[in-house]
Amino acid sequence: MTTAMEAPQADRSRMAVSETDVAVEIIGMNKWFADFHVLRDINLKVMNGERIVIAGPSGSGKSTLIRCINRLEEHQDGQIIVDGVELTNDLKRIDEVRREVGMVFQHFNLFPHLTILQNLTLAPIWVRGTPKAEAEESAMKYLERVKIPEQANKYPGQLSGGQQQRVAIARSLCMNPKIMLFDEPTSALDPEMIKEVLDVMVKLAEDGMTMICVTHEMGFARQVANRVIFMDQGQIIEQNEPEEFFSNPQHERTKLFLSQILH
Amino acid sequence: MTTAMEAPQADRSRMAVSETDVAVEIIGMNKWFADFHVLRDINLKVMNGERIVIAGPSGSGKSTLIRCINRLEEHQDGQIIVDGVELTNDLKRIDEVRREVGMVFQHFNLFPHLTILQNLTLAPIWVRGTPKAEAEESAMKYLERVKIPEQANKYPGQLSGGQQQRVAIARSLCMNPKIMLFDEPTSALDPEMIKEVLDVMVKLAEDGMTMICVTHEMGFARQVANRVIFMDQGQIIEQNEPEEFFSNPQHERTKLFLSQILH
Amino acid sequence: MADRSLTYVRTEMAEALPPPKSTTGISAWMRENLFSSPANSLLTIVGLALIIWLAIPIWNFLVADAVFSDPEGLRGEACRFEGVGACWIFIQARFSFFIYGFYPPEEIWRINLMFLIGVILMIPLLAPRAPFTRTAAVLFFLVFPFVAFFLMAGGILSLESVPTNRWGGLTLTLIISLIGIIVSMPVGILLALGRQSRLPVIKGFCIAFIELWRAVPLITVLFMASVMFPLFTPQGMQPDVLLRAIIGICLFESAYMAEVVRGGLQAIPRGQSEASFALGLSKPKTVALITLPQALKHVIPGIVNTFIALFKDTSLVSIIGIFELLNTVRAASSDIAWQFPTDAVTGYIFAGFVFWLFCFGMSRYSIYMENRLHTGHRR
Amino acid sequence: MADVSEKRSGKTARSSIDPSLFYNPTARGIAYQALLLIGVALLFWWLQSNAAANMAAQGRNTGFGFLNSTAGFNISFTLFPFDRNSTYGEVYLAGILNTLLVAAVGIVLATIVGFILGVARLSPNFLIRKLAMVYVEVARNVPLLLQLLCWYFVLLNAMPPVAQSYGGVEVGEAGLVVLNQRGLYMPRLMTDGRFIALLISIVVAVVIAVWFRRRQVKAMMAEGTRKPVLLPMLGIILIIPIVAYFVFQVPVAFNLPVRQGFNYAGGFVVPPEFTALVAGLVFYTAAFIGEIVRAGIQAVNYGQVEAAAALGLKDGDRLRLVIIPQAMRIIVPPLTSQYLNLTKNSSLGAAIAFPELVNVFMGTAINQSGRAVEIVALTMAVYLTFSLVTSLFMNWYNSRVALVER
Amino acid sequence: QTLDAVEENGYIQCGVTEGVPGFSFPDENNNWTGLEVDFCKAMAAAIFDDPEAVRYTPLTSQVRFESLANGNIDVLSRTTTWTMSRDTDLGISFTGTMFYDGQGFMVREDSGVTSALELSGAAVCIESGTTTELNAADYFAANDMDLSNAVVFVNQDEVVQAYLDGRCDVFTTDSSALAAERSTFSDPDAHVILPQIISKEPLGPSVRSDDWQWFDIAKWTLFAMINAEELGVTSENVDEMLESDNPAIRRLLGVEGEFGEPIGLPTDWAYRIIKHVGNYGESYERHVGADTDINIPRGVNQLWTNGGIMYAPPIR
Ligand SMILES: Nc1ncnc2c1ncn2[C@@H]1O[C@H](COP(=O)(O)OP(=O)(O)OP(=O)(O)O)[C@@H](O)[C@H]1O
Ligand SMILES: Nc1ncnc2c1ncn2[C@@H]1O[C@H](COP(=O)(O)OP(=O)(O)OP(=O)(O)O)[C@@H](O)[C@H]1O
Ligand SMILES: [Mg+2]
Ligand SMILES: [Mg+2]
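Protein chains in written order, with my numbering: chain W, 16 to 278; chain H, 16 to 278; chain Z, -16 to 362; chain E, 241 to 646; chain C, 461 to 776.
No incorrect hints appear here.
Think about it this way: if two alpha-carbon atoms lie no more than 25 Å apart in a straight line, the pair counts; the simulated SDA-like pairs of lysine to any residue are:
id	chain 1	residue 1	chain 2	residue 2
1	W	Lys169	E	Ile563
2	E	Lys370	Z	Ser346
3	C	Lys660	E	Asp323
4	W	Lys169	E	Val641
5	W	Lys147	E	Ala459
6	E	Lys467	W	Glu149
7	H	Lys107	Z	Gly254
8	E	Lys467	E	Trp451
9	H	Lys147	Z	Arg112
10	H	Lys193	Z	Gly254
11	W	Lys218	W	Met155
12	W	Lys60	W	Gln238
13	H	Lys156	Z	Leu272
14	E	Lys370	Z	Pro40
15	W	Lys60	Z	Leu0
16	H	Lys162	H	Asp205
17	W	Lys60	W	Lys193
18	H	Lys162	H	Thr145
19	W	Lys210	W	Glu165
20	W	Lys169	E	Gln544
21	H	Lys169	H	Glu207
22	E	Lys370	Z	Ile34
23	H	Lys169	Z	Ala271
24	E	Lys370	Z	Ala38
25	E	Lys370	Z	Leu25
26	E	Lys467	W	Gly144
27	H	Lys107	E	Ile270
28	E	Lys370	Z	Met352
Calculated directly from the structure, the hints in this document are not laboratory data.
All chains, full assembly: derive it from the sequences and hints.
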């Protein structure tokens, strides 16, 4: 049993994963959309500080899975425990979990009627009750981290896609989440912009953030993931550490999938 | 400045350019958009059967120049003489010129409410007064020439971009134009489709059509052009025959431009 | 993955299972749609109470306490008692009056014939992918109005002449709205084109015309038509009240139609007309063959909506004494022979239902067209 | 390359060539416009000369002087004292004010009902959703005039006659709130100039309350703690006027509705025509507003809601901070035109005897004075003004809230 | 000239009410009947010898004068009160009085009101655009009564409906119309018409002022009907009366003299009227008399010889 500790890359040395420190635990989870069994018998344990990449063909349930983690979708069977809180119909718990889990969407979903700064401070002010000045200060810090402090007073519509996605990441970070979820954060971007977003994500990984990413950027997976999970037809088909996963896939479907995307 | 006569390629041998046979002549032409001086002192002479490619950075006035040739834009100074007719405010002359000049647009601009066949026969019937049966017959001939006769009764929305652009070319040809203008005919197309359109254009060139093309397809320019004209900031910076133009650009701006697009 | 090994390969694929009982079936549907939360349950109860509170009296009035037949022939006496609900025999008895107004009974076949022709012509216009659309359009908009007029008015071909003050009922409602749409379409198109013109005088005129009529309520236009038009026409050349009302409605409706058409024209990309110019088509031909057909296709739903509004608005002509449907209903309910406690209400319900039927039908049609346009001609 | 950009600007077009005028687009343009002008001028001249001939034949006067002459009829419901000695000018004013009153009350109520409807149309509750749909489909597809008549006569039949008034009293006695077929009678405030002071104090109180709310919200954002807002606001609005009342010794007496003979006299009366007109307008317009609200909310991308949820914003905050501000941009322009429609539709009050502008001015006044042209023009001018103000507002709003794009 | 135009058309265009029983009322087939309709028929009879050569145009009170003045109709016979301003200012002229009417009040019997002077503060339903509105205001003001409760409708239909539904205590209009409306109520006995007549409302036909010949035709049509009653000529005995020795009757029936010529009519013009329509008394009894639902006593509308004020200048 290899833990993330033994991950080969040098830049991972800073993170500290301890066995007892479970960020997300999913046990025997099933989900249906009406009659369609979209997630089947999902079991997954993510440690604090771990970085998981989820890959798989379109429609395999990747998005649905990570949306279940912060209860944007409801599951019907099994358990999901996030940061020690089990997700049930209890609104209070859901709010609690969502405060600790940041999420970045494929289409950014910035609020177009607010400036960048307002986008960033909205949740800290109204959810955490942070004083405005303080929230703005920390927002500027995160904007600097994603390298666009000069855009603070513009509106989302005035930024490029890459810039918008970086703002979206900063917006999540402003809530000081313990876990970050990414749902194909780069697939709506032009090639030049993909890099600037990935850079930010790599930096985040280096800083030790627990991350679960749905992405097809295999370079990114190689560089930062502790584990790659491959899904098909709503099931986890295979998981492994990146090197092994890419060089030596076990399952037939994995092989097929990899042959298609790594040309 | 080399004339088209001395163009080296073998496949150009069929054309017959005589000095006295001027298709388009532009003399000291200037054009303004409100206060913006978009075309400056343009002088250009195109012989019958010549193929001109116009290149240049975005915003340099290429589109505006060829749109002046069939009076989609009005010029304010200088003379434009097309097929012996000077373009002035006289509606009759404009109609005359437009009948002899075909134009293909970047975004095809097929008429979505008409079938392909109706698109092709519209102008012959309503402008030339050709009987419908005859117009349809010749339309089918041109559709065969652009290799999509089987699509005649579909609507433009049902065709791919490349097919649409070929229809657009056929539509212009149906009017038996003496001169064809192309405004970046391939830049809205996916790579696979570019080729099918360029093929049609090459064929057209081989048949001896007088053509003025705005395009960034340098391969095409090399293959068929008699002359390449390079524009920047509303002026003709340099013109030369293709081999010379590409291998030995004279002007600083041309060099810069070529270095950018030929990687 | 009970023992958390990093490497995991699924050996056996999990089969798709049916969803748990609790998420399917009628009880799950009810839980989801009616009782998903305490607040939602409360709403359900309120909704149910509202339905019961409304439905019982409505049912009683329309059905339980209503008079459906009269063994002694249709007479007003049958409904003259306390607590009577809707008196349907009243509608039965005066039905032909509501539909045809004062039109001479022996000439009613002319109206029916006119309706028949109209409906036959409209089928290819409204049905998707029907043949002869163009022929039908020409016939409907250019020929049908004249045929209909001569059928209605008579006076030629040995048809007895029927003056306009004998026209009435639903027939008149339909006539007014159809004339309204047939006239306002071309006028509206011209105004919309004029509003797009770069010639300042033409543009200004069209804007002023459109904005004036759109600013004022229809009832003032009708009042104006009835009291002011006579002042502005030469003596002896007096359009009758109906014609004046129709002129007023057409002016009013053209302005609305112009705005609808303008919306369509603006949606056509400039490349379309440029391509047309480049082919050598003149400006009028470009408008007629390229821009306008596309624009009109885009705004069919808008046109239908305008027509619905116009159809409802025809009821206002009753205020200036024209016997369209609503006014025939009112006139009938003040008839001595049909005095009973609910005469007005019964009449209003009938008129309301007829209007509703037409308007609802048209709005459904417009939604259907809209959906079809979204998908139409796409791959 | 020659650079001639300084030589001249493009505005000075050259004209060295002079084609035959017939084919010159500029010349054609001028000709078309001249034709139109001449046509319109001829039409107006024709109309004017007909009118002049007709008026002369009928021996009629023209001009706006009649506005100062006595009207000689009563208006049953006015916002200022009006009797049969009032002038036509006052009739005009009374009509405008009544129209505005109906419009104002109708707009407020229709907005409330419409928003509730719009939200109900999107409710997760099946029953509520369908009920709202039935409402909308009925209200939109039946002519307003018919609805108004129904409301009016249903209302009259639902109310008791005077003798059996709700809250009724014996002849000669004064009631407090009385409801019957003649209207809703309420006490009317009787007071003198000092009452103005009270009014001012209420305005001041509201201003202070609004300022207070701003301050609290700002503090809330600055310090990040929730602070009480509603209760203190209510306190401010109540306490200041009460203090003012005692300080200025404002005399407050009420004129109560007294039963005399047929009816109640005195007090403030809301006639059933007003109620029916407002009810009908609200019922009808709310259906349209409901659809606008629904479309506005639906137009907000669902991703926005999800993003807000993912940030941990609660249901209410999501609505208030994310959905409503975005939906409002889409809702406001069509909403204002519905407001304008409601105002225009209030003219149907003429059919149920509510003395709004069209009824008293285009109806009664035109018949008593015979000044058709003047009165039609004056009436239309009012509605034109409404429409102009509305479109000015709409332009202003659109430019203010337009999303900034690249 | 109106007569020429009318003869050309082959019919008279007559403006009538939208339906007041007894005066002008359409049945299901749009056949109009009533006292005022008889006048139009009489004119048609005089001109065409055919009482049915009439086209009826129902008019609201707002549009009636405009319609006449502008030639939409040839004669207005629509419960219209003859007043000076209307006669002089609107381009129309009244041709005589067909019915001496006056504005009255109707109340519910159970209200216990017996006199109009008790009506202060009552809610009054009125149709707009009529003299009724002004008369009521004058009457209430003159008697120091309160008329702040007037409810004014554009259409008569709504006025009646609102009164019946209890919106008003009082319904006021010309007493003839009150009687006519009452006859349509489901319970006519529950309503009483108060004795006070607060205005002079001579109802009569009117024509445009610009055509004196047409004016005379209209005027003498009415006078012929009244004279016929006075002379005892009825539609039944008119043929026998042709043989009468009474010179007045002989002149009336055109046996003696050429009285039709100056107004462009044949000499037997009055004979035609009486033959087809009858004399004034016949018409009155037929439409509003004691045997009808309307039941308006003859009252002042009796001939002057019988104590009324109906009086026509002699034909001579
Ligand atoms: N709200 C929904 N209702 C019904 N079916 C849904 C819903 N959302 C997703 N699905 C279906 O569930 C399946 C899994 O969807 P999901 O979005 O999780 O796939 P994915 O792996 O993220 O695919 P992609 O790579 O295209 O984003 C798909 O077949 C999809 O059609
Ligand atoms: N209708 C117009 N009004 C004002 N300015 C215009 C107009 N059309 C073009 N321009 C301006 O004129 C300049 C030249 O435009 P043009 O379209 O001819 O450039 P181009 O060389 O074709 O560029 P591209 O390669 O991007 O098509 C640009 O700066 C453009 O912004
Ligand atoms: Mg996905
Ligand atoms: Mg270009």
